[in-house]
Amino acid sequence: MTREEVKNTVNGFLVEDLEIEENKLREDALLKEDVGIDSLDFVDIVVLVEEKFGIKIKAEEMAGVKTLGAFYDYVESRLEVSGK
Amino acid sequence: MRRVVITGIGIYSCIGQSADEVSNSLRSGRSGIGIEEMRIAYGYRSPLTGILPQPQLRGVLDRRQRVRLPQEGEYAYISTKQAFEDAGMDEQYRRDNEIGVFFGNDSSAKAVIESHETVVREKDTTLLGASSLFQSMTSTVTMNLSTIFSLRGVNITVSAACASGSHSVGLAATFIRQGMQDIVVCGGAQEVNHLSMVSFDGLGAFSLRTDNPQGASRPFDASRDGLVPSGGSATLILEEYEHAKRRGAKIYAEVLGYGFSSNGGKISEPSVEGASLAMKRAIADAALSASDIGYVNAHATSTRLGDATEALAIKQVFGRDSVPVTSTKSMTGHECWMSGASEVLYSILMMKGGFIAPNINFEKPDSDTEGLNIVSRPTDKKMEVCLSNAFGFGGTNSALVLKNL
Numbered sequence: 001m002t003r004e005e006v007k008n009t010v011n012g013f014l015v016e017d018l019e020i021e022e023n024k025l026r027e028d029a030l031l032k033e034d035v036g037i038d039s040l041d042f043v044d045i046v047v048l049v050e051e052k053f054g055i056k057i058k059a060e061e062m063a064g065v066k067t068l069g070a071f072y073d074y075v076e077s078r079l080e081v082s083g084k
Numbered sequence: 001m002r003r004v005v006i007t008g009i010g011i012y013s014c015i016g017q018s019a020d021e022v023s024n025s026l027r028s029g030r031s032g033i034g035i036e037e038m039r040i041a042y043g044y045r046s047p048l049t050g051i052l053p054q055p056q057l058r059g060v061l062d063r064r065q066r067v068r069l070p071q072e073g074e075y076a077y078i079s080t081k082q083a084f085e086d087a088g089m090d091e092q093y094r095r096d097n098e099i100g101v102f103f104g105n106d107s108s109a110k111a112v113i114e115s116h117e118t119v120v121r122e123k124d125t126t127l128l129g130a131s132s133l134f135q136s137m138t139s140t141v142t143m144n145l146s147t148i149f150s151l152r153g154v155n156i157t158v159s160a161a162c163a164s165g166s167h168s169v170g171l172a173a174t175f176i177r178q179g180m181q182d183i184v185v186c187g188g189a190q191e192v193n194h195l196s197m198v199s200f201d202g203l204g205a206f207s208l209r210t211d212n213p214q215g216a217s218r219p220f221d222a223s224r225d226g227l228v229p230s231g232g233s234a235t236l237i238l239e240e241y242e243h244a245k246r247r248g249a250k251i252y253a254e255v256l257g258y259g260f261s262s263n264g265g266k267i268s269e270p271s272v273e274g275a276s277l278a279m280k281r282a283i284a285d286a287a288l289s290a291s292d293i294g295y296v297n298a299h300a301t302s303t304r305l306g307d308a309t310e311a312l313a314i315k316q317v318f319g320r321d322s323v324p325v326t327s328t329k330s331m332t333g334h335e336c337w338m339s340g341a342s343e344v345l346y347s348i349l350m351m352k353g354g355f356i357a358p359n360i361n362f363e364k365p366d367s368d369t370e371g372l373n374i375v376s377r378p379t380d381k382k383m384e385v386c387l388s389n390a391f392g393f394g395g396t397n398s399a400l401v402l403k404n405l
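Sequence lines, in order, name chains A and B. Here the first sequence is numbered in the working numbering, starting from 1 and rising by one per residue. Here the second sequence is numbered in the working numbering, starting from 1 and rising by one per residue.
Since the hints were made in silico from the structure, they are not lab data. Idealized CB from N, CA, C, for every residue including glycine. Check before you lean on any hint, since a few could be wrong.
[Said to hold, decoys possible] Chain B side only, calculated, beta carbon under 10 Å to chain A, not exhaustive: (1) Asp124; (2) Gly129; (3) Glu240; (4) Tyr241.
Use the sequences and the hints to build the structure in full.
What follows is the structure in structure tokens.
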């Protein structure tokens, strides 16, 4: 899966499932401050990533992921590790 | 003593999803009972149930508020929104004034079972997401209502089986009387789904009259064969009388008396002594005598033993062939955790509308239920004071006396 495909899928569930406004979804947007994702949203994102990408991520691993762009990178790296 | 009045009402039930709709159903004796086919496939003895539309809250609540509500929470949100609008308490008012909440609820089975099924399937609790916990706790209704409606006063779920809703009204009134709160939201919520009523069905307590669903709930009738489960949510805004007057609120009724008792007997057996003690205490608390009560909204669920016991208790307290009695469960089915609050609301609608809602399906009494003045047809009647009963498993009893204002 290309990074662009990861980005489109992530943005898709952020808009559709988490009901985040599309104009907030910039690469450099801070997940908490700019996108408005809170700690409980991260728990739901774990479920959405499993559902959309078929991989399991851990909420605690996301502690170092600050921006949306870094989140795309993180998902992409997890996909690579799992061979997808 | 500080007086307690009701200044807002909201209802989501199988006989209507607004006070006007419900009032029309009560007046005309319309049943909300039907059959849910999938209960048969699931293994139920009886597929009879109250039939409610599924609330649509997308676009009404934001995602975080919405996904943390279990089914009974959705019902409670709608009835409470109606009640706040009815009471003239908007978001700003709720932020500026301390409002408490006591709400009856005694299960969130669908949320618990669906979470269990996810973990069994996935073998990973992290795939439950963030909402499962908040949907699954018995206090889910009060935790969600207090969050959504910005409530900052007392915040407690009342779990007392099928008397939960009634005790919530009694406790809310007590807090206001004692000067601890000026405004308290109270009520009861009950989920309506095949997962929540399965063990109750297993007791053999439900009517099997599937050839005539709307005739299945027949409290006090000689041919009653069990209750019909139902649910939804009812909300009442209780307010201190002078407080309500100062702000020019519309006042429906006064909560005059609250009586309670516990049978101290077997877990599923009702008690004449326990039921009559709750009624006598409520009447005494209202500083009235039994002859002042113009109508009794009975708990009667259409079970053989429960109705017989309540009939004997009513005759003990009021005498034979005296006060008019109906069970609105003949139309609504047994709204369980919600019923003690919804039936206060139904009684208020009757007092305001000048009618007694009929005990539909009552044809003739048996030897236990004879001697009651059961009203089986819609009847115009002006009532000043009524009493509402609610009893639950474990022998918990509650009675409330209400005065038309």
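Hint by hint, here is what the structure shows:
| no. | hint | result |
| --- | --- | --- |
| 1 | Asp124 | holds (7 Å) |
| 2 | Gly129 | holds (4 Å) |
| 3 | Glu240 | violated (37 Å) |
| 4 | Tyr241 | violated (41 Å) |
Hint check: violations occur at hints 3, 4; the rest are consistent with the structure.
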